[in-house]
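Enquirer: Which chain is which? The protein sequence lines are A and B, in order.
Mapping of the first sequence onto my numbering: position 123 corresponds to residue 123, and the numbering continues sequentially without gaps.
Mapping of the second sequence onto my numbering: position 317 corresponds to residue 317, and the numbering continues sequentially without gaps.
No wet-lab data here; the hints were simulated from the structure.
Errors might be hidden in some of the hints.
So the derived list for chain B, only partly shown, Cβ under 7 Å to chain A, looks like this [what the hints assert, rightly or not]:
id : residue
1  : S39
2  : S156
3  : G158
4  : V188
5  : A191
6  : Q192
7  : L196
8  : V217
9  : A219
10 : F243
11 : S257
12 : G262
13 : I267
14 : A268
15 : I271
Every residue gets a Cβ at the ideal spot worked out from N, C-alpha and C, and that includes glycine.
Each chain, written out:
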Amino acid sequence: MSEIQAGEVGMGETLMSVSEVEVHFAARRKTARALDGVSLDWRPGEILGVVGESGCGKSTLARAMLGLQPTAEGQLSLSGGLVSSKDEQQKLRKRVQMIFQDPYQSLNPRQRVATIVTEPLRVQGVAKEKHDERVRRAMNDVGLDPDRYLDRYPHQLSGGQRQRVAIAAALVLEPEGLICDEPVSMLDASVQAQILNVLVGLQKQRGLALIFITHDLSLAWSLCDRIVVMYLGRIVEEGRAEDVIERPQHPYTQALVTAIPVAVPGGGGRRELLAGELPDPTAVPPGCRFHPRCPRRFEPCDRIDPELLDAGAPGQRAACLLHDPAAVAAAGAETAA
Amino acid sequence: MSPLLEVEGLRVTHDGKPIVDGVDLTLAPGEALALAGESGCGKTTSALALMRLLPPSLEQSGVITLYPPGVSKPVNIGRRTETGMRLVRWRHISLVFQGAMNSLDPVQKIGKQIDEAIRLHERSPVTAEVKARITELLETVGLTAGVAGRYPHELSGGQRQRVMIALALACRPSLVIADEPTTALDVVIQAQVLQLLERLREELGLALILISHDMGVLAETCDRIAVMYAGRIVEIGTVDAVFTDPQHPYTKRLLDSLPVIGGRRGIATPIPGAPPDPGEPPPGCRFHPRCPYRRERCDVEDPALREVRPAHRSACHYAPWERWPEVEPVVATEEATK
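The shape of chain A in the complex, shown without the other chains (with noise of 0.2 Å):
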């Protein structure tokens, strides 16, 4: 387990880093660009949400953190240390884990919870007599009884057990990191807070850096300490997570927190709604990528590809030109409220 408490760690520190990666998929002769360009920092014991909409690339970023997807351009390194060699990669995946949406799907149906767990010790060649007390452990931690639940077969398991079981099968070699993504949306809201209560649990307990990759922006405000925005292969915004989702400072971001549905009787009233749908892939616009669906676009907007600039609290920074007093003095237009 991790010596690193969360809290004590320097800014400068980082579990994983990634930079400037680059993933593209051939499409009947053209490319796909389903990452391009993300650099990001985890910090050690950090929850990290990745937000975005279908498509966007959270996923594939996820994946290529694990080097479970080729990646065109960019390096990844743990502890500082470059990742390159079969050999690191194989290391890298013993202290960074990841579970996946659904758990109906991500476990052999034809194996019981047992094997499940204690697969991943066999896989990485952990010495035999150790993995008992590692599988009762790991099944403790996530509040199933290894007893009761060691014997039984995945449709033996609701859906909430069946994802606590996946969390035990991540946690059995002990990482540093756990990567989820979507781990809740398939289910209910109170075996949501069930799931969400273990996982915030190890991180608090023993200092689990977790990355959250959602679509649920309220999900991510509540529970993350920095977020970050991804929109066609980018991240356009990031900070801390209440800085990013209650003061937004990129256009996107405020369009994703205006369209989230709050829990107040005729709350939706007429908002302004972002029009269209995320471009395709193949096909990015010229300049900022967001500008034909942004409604504060000005002049430059569809030349100037825009990089991260800070913008708003300390240590947000988002990805576009009205953050850039440059290029709004030279548009004269209305400067970011």
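Go by the hints and put chain B onto chain A.
Expert: Here is chain B on its own, set in the frame of chain A:
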């Protein structure tokens, strides 16, 4: 005003065990009713029963009466034959279900599929009129007429869900049942589809039964809400009343677990355990094993759904609740919820 739909004592059983256990509802023309609750509480089963679309292994009883506008005789849905139902489905009540966008025929153009829906449910329509209607329908749901010539795979998820709504509207029904219509969609597209449903209600005077587990979606779209638990309605009232002054502990806990952006961050204390099987409910109140407010009566006496405030009903012995007491969260054992 006379109702559009009346449901009395709806029960659905499987091998004699209830899945839906006595549901009463009325719906006014043009009204939007929300059906809320967790999976397995019977919301989808109730909706399918309203259209008599349940699989043969499930048996339904109870009286369902539809009063379609412009039709003098009410329609007794429970008594209709299968052929008779075909004239009710799509003509008077239609359904948009979860993941419906994946149920379009992949090898037929969109226009042809709408054409077929109209011809199946209407007697001898005129071809030229059908064509004009397809164009009109597609435009109503915010698509271009050109979509008629496309195949489903050429459309995005959001566009296909719009096509499904166009299909549901094809025969100009007075009631649309939408079962988790936006669950598979992204937040922006979801908001677009909800706005579309709202606009259609205004323009066409459509009544809507919206089923969702997302309380936010329901609050924004509906006039009244019915909260279901283990096969029964445990609370029903206007959206305003239920959201601001819930009168059943289950509703209260569901609402407490919703994140409110700008408020306090963190995860809500979950409702412990899992909902019971409606076929084998616990004795007394069905919610009592998970209820933090339970008292002696709760595990012996089954509470009836009764009016606790004007037009606001709750199935809790201790309603009306003027103030919710501070409680320690109960830790229900697995046995207690089984």
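Enquirer: For each hint, tell me whether it holds in the structure or not.
Expert: Quick rundown of the hints versus the structure:
For S39(B), the suggested interface contact is upheld, since its CB lies about 5 Å from the closest CB of chain A, less than 7 Å. Evaluation of the S156(B) hint against chain A yields a held restraint, the C-beta minimum of about 5 Å falling below 7 Å. The restraint placing G158(B) at the interface with chain A holds, with a minimum CB-CB distance near 6 Å, inside the 7 Å limit. At a threshold of 7 Å, the smallest CB-CB gap from V188(B) to chain A is about 5 Å, leaving the interface hint in force.
The beta carbon of A191(B) is positioned within 7 Å of a beta carbon in chain A (closest approach about 4 Å), and the interface hint is therefore held. For Q192(B), the shortest C-beta to C-beta distance to chain A is roughly 6 Å, which falls under 7 Å, so the interface hint holds. At a threshold of 7 Å, the smallest CB-CB gap from L196(B) to chain A is about 10 Å, leaving the interface hint violated. Checking V217(B) against chain A: minimum C-beta separation of about 5 Å stays under 7 Å; hint holds.
Evaluation of the A219(B) hint against chain A yields a held restraint, the C-beta minimum of about 5 Å falling below 7 Å. The restraint placing F243(B) at the interface with chain A holds, with a minimum CB-CB distance near 5 Å, inside the 7 Å limit. Given hint, S257(B) at the interface with chain A, holds; its Cβ is 6 Å from that chain's nearest Cβ, closer than 7 Å. Hint on G262(B) holds. Least Cβ distance to chain A is approximately 6 Å, under the 7 Å limit.
At its closest, the beta carbon of I267(B) sits 5 Å from a beta carbon of chain A; the interface hint therefore holds under the 7 Å criterion. Interface restraint check for A268(B): the shortest CB-CB distance to chain A comes to about 6 Å, inside 7 Å, so the restraint holds. About 4 Å separates the beta-carbon of I271(B) from the nearest beta-carbon of chain A, less than 7 Å, and the hint is met.
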